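Position chain B relative to chain A; hints supplied.
Chain residues, written in single-letter form:
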Amino acid sequence: AQSVAQPEDQVNVAEGNPLTVKCTYSVSGNPYLFWYVQYPNRGLQFLLKYITGDNLVKGSYGFEAEFNKSQTSFHLKKPSALVSDSALYFCAVRDPRAGGSYIPTFGRGTSLIVHP
Amino acid sequence: NAGVTQTPKFRVLKTGQSMTLLCAQDMNHEYMYWYRQDPGMGLRLIHYSVGEGTTAKGEVPDGYNVSRLKKQNFLLGLESAAPSQTSVYFCASINLPNGGNEQFFGPGTRLTVL
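Here the protein sequences come in this chain order: A and B.
Under the working numbering, the residue at position 113 of the first sequence is numbered 113, and the numbers go up by one with no gaps.
Under the working numbering, the residue at position 100 of the second sequence is numbered 100, and the numbers go up by one with no gaps.
It is worth saying that the hints were derived from the structure and are not from the lab.
Remember, it's a predicted structure, so these values are computed and weren't measured experimentally.
All residues carry an ideal CB built from backbone N, CA and C; glycine is no exception.
Do not take every clue at face value.
Stated by the list, open to error - If you want the footprint, here are the derived chain B segments under chain A, 3+ residues with CB under 8 Å:
(1) 40-51
(2) 103-113
Unchecked claim - Here are the in silico distance ranges between beta carbons for each label pair:
(3) I113(A) - N1(B): 45 to 53 Å
(4) D38(B) - S3(A): 13 to 21 Å
(5) R44(B) - G29(A): 18 to 26 Å
(6) A14(A) - G53(B): 48 to 56 Å
(7) L114(B) - S3(A): 29 to 37 Å
Bound-form chain A, shown alone (with noise of 0.2 Å):
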């Protein structure tokens, strides 16, 4: 089975100071993790993915997450935040050996506020 905690509801943080948004996960094999921004009355929008590779990961908008396995997370941070970042913000995990589904599971989201 596969999970996703964001142990945050929300998290607050000042314009141009560095922000971090927490996810951890559980699967039983090699993750497939994903990060999604959703701004008011929007979809959800794709920032970023770690399949392989560098568990350094840069997307959109300037965000970078971390694949760190021994912890199991897969943190989402920013280096200067900006108050348009305040969105809900989504981390989501799959496990590739789950079969032809290909279902994803999302945490419950994090609600960013970045104040002027």
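Relative to chain A, chain B alone:
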């Protein structure tokens, strides 16, 4: 490319009424999904399809039916709407098995059942 589109954007139903939500994608994706999003619950999978003519149940399928008669369209039906089905519904597709694994989402349909 329009990507993934959903019709309608908003709808208000009375208990017991029926409706169909339409999802269309122009990316030639095989896999399509219907989710519902409720506050604090994240995304929950209702039904999915791995190709034209195929459908399967997800995590919360009760009260919903789906059809995938054409590859580009995935329809979600509510036969007898209930207030518990008040939610925001999202459709998604994946470019698999040969693509990048990430999902492409539609803009959502906000449904209220009175």
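To see whether the hints hold, each was checked on the structure:
1. Residue count for the region 40-51 of chain B with a Cβ under 8 Å from a Cβ of chain A: 7. That meets the three needed, and the coverage hint holds.
2. Beta-carbon proximity to chain A at under 8 Å applies to 6 residues in the region 103-113 of chain B; the threshold of 3 is reached and the given coverage holds.
3. Evaluation of the 45 to 53 Å hint for I113(A) and N1(B) yields a failure: the beta carbon distance comes to about 33 Å.
4. Look at D38(B) against S3(A): about 19 Å separates their beta carbons, and that is inside 13 to 21 Å.
5. Between R44(B) and G29(A) the Cβ separation comes to about 24 Å, which falls inside the hinted range of 18 to 26 Å.
6. At about 53 Å, the CB distance of A14(A) to G53(B) agrees with the hint of 48 to 56 Å.
7. Distance hint for L114(B) and S3(A): a CB-CB separation of about 35 Å, consistent with the stated range 29 to 37 Å.
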